[in-house]
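Engineer: The primary structure of each chain is shown beneath.
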Amino acid sequence: MSSIVELQGVSKTFYRGKESVPVLENLSLEVPEGAYEAFMGPSGSGKSTLLNLIAGLDKPTSGSAKVAGSELSQMSDGQLARFRSQKIGFVFQSYNLLPVLTALENVELPLLLTSLSGSDRKKRSQTALRIVGLEERMDHYPRQLSGGQEQRVAIARAIVNDPTILVCDEPTGDLDRKAADEILALLEKLNKEFKKTILMVTHDPAAAERAGIIRKLNKGQLQ
Amino acid sequence: MTLLEVAAKNALRNKFRTTMTILGGAVAVLAFVLIRTIIVAWNKGVDYAAKDRLATRDKVSMVISLPKHYIDDVRTKIPGVKAASYLSWAGAKWPKDPNVFFANMAADENVFDLYPEMEISPDAIERWHHDKQGAIVGAALAHKLGWKVGDKVVLAGSIYPGDWQYTIDGIYGAPPQTALDQSSFFFHWSYLNDGVKAGMKDKIGWIVTRVDDPSKSAAVTAAIDKLFDDQDTQTTTMSEHAMNQGFLGGASAILAALGIVSIIIMVIMMLILGNTIAMAVRERTSEYGVLRALGFQPGHVRLFVIGEALTVSLLAGLVGLGLSYPFIEFGMGRWLEENMGNFFPAVHVSPVTAATAFAATLVLGGLASLLPAIQAGRLQVTDALRRIA
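Which chain is which? The protein sequence lines are A and B, in order.
Under the numbering used here, the first sequence has 165 at position 165, and the numbering climbs by one with no breaks.
Under the numbering used here, the second sequence has 10 at position 10, and the numbering climbs by one with no breaks.
These aren't lab readings, by the way, just hints derived from the structure by calculation.
Don't take each hint at face value.
Simulated restraints on C-beta separations [unchecked claim]:
1. B/Gly299 - A/Lys123: 25 to 31 Å
2. B/Leu362 - A/Gly69: 44 to 50 Å
3. A/Gly69 - B/Ala355: 51 to 57 Å
Derived, one-sided and incomplete: chain A residues facing chain B with beta-carbon distance under 10 Å [stated by the list, open to error]:
4. Thr61
5. Gly63
6. Glu71
7. Met75
8. Pro99
9. Val100
10. Asp120
11. Lys123
12. Ile131
13. Asn161
14. Asp162
15. Ile214
16. Arg215
Since this is a predicted model, take the numbers as computed values, not measurements.
All C-beta atoms, glycine included, are put in the ideal place defined by N, C-alpha and C.
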């Protein structure tokens, strides 16, 4: 199976004034297409930074980051934004839905960047909500939904563009066990049935065990 | 759903704050429209002065009367004169409320021919012609003092002492686009002349002349003054425009100051709106981070911020104009016309004033959001996402 993520000698250093803070050092990683991988490690180990680099939210200080066929280290901010809108779906710990929009409108949001007509955008958003089992709640506002339902809306928003990779940063961090299990089951379904590559950062061992591969980071190095 | 619709929904998110900002902006628009309307009304007397009307008064001072026979000379000896009439300032007061100020003028029989813009029925003029103690009054004055046609009224003379009794024969109006004072009181000069002491008889205040051809006003003006050059009482003749300008010119500094105040008010509104938008941007930093993560460009984020500001500005402008119209058209404007009709003959919100206020609100709203929008567009995605609670 071909690799959808290929990192070669990637380093990332942040700067606090004149002080440099290396977070990732000479890291290499290959993720095959269709994989479901979990990244674990203590706080400050570089998990989120690694996820940000793979998702095109940030660029490496040095090294090569090839994701879904694109070399991200050479891209401008505008190109990275287009890359994210086409190839990446994001699931955040605290859902990050816009409170003034209904579930359907929240899901439709990424499609505003496409050339789809209004009716096509609506159909695709409805389909995404159907996949996550929330088509009955499409006119509800986030405040009218439970945490688990909000996260499912966020997942629908992440898949509505039919991205290649789903990037999940602590997707069950704010949920109780039952809701977390439902979300993890949904992610498994997206991986198995819809062949989405899923990369998940988590502190929850139970969540990590649902992934096919668990990778551990410590001090910016994969172990 | 469009990006601007999302921005508009965001703008209404914090309902209390947005409502207060909209109301603040609306009050600023109201103040702006009120001040501009007052300036326009003040200038109206000059701007809308008839091009074909001249006024002749004593060369030394307006308070010095002219001999009555001057009117005959103007009518018969000056070529290019279409019609001429005369008036005298009587200065009488309404005894029930001496503080009510209105122009109380004794006029020649044909005075209304000189003011074709005056809206008055032929029947009323006919009644007046046959009633020596008759009076024609402006609609604003009649409304203010509760007068109607047929009422008997008594005014207390000041320049010409005594009680002066009148019957209201007619009420005149004027279209909004004219500058005609609708709080004047006209009565027969002959009634005044018959009632004054011998030494005050056969005097008139000033002469009003209509010329055949407005382009020849200068020649007629010169001819009238030349005619009386050798007389004991010399005259100065000027266009109605010049006379009004001279009368109102002293207030130009006040008008300029008012104009500046109206602009300052709008700038204050812009700063309030800018502060509100800056607060909203700070609160929504994480959401802008999410939008950027989803693939929205910095330009989209700027559009969101500017869209929010424009939504609030639009609503402030609409509410402000919605308040301005009834406040001025049914309240302040009518009060000014009734009580200060000589200075503010017609106080109406002009379409230009309304459009200027609305456009200024939108432009200033857009400007107010520029800095917050630029800052929001510069946010680094990862930094913005770190602020997620």
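Engineer: Hints the structure violates: just list their numbers, smallest first.
Structural biologist: When the structure is compared with the hints, numbers 4, 5, 6, 7, 10, 11, 12, 14, 15, 16 turn out to be violated.
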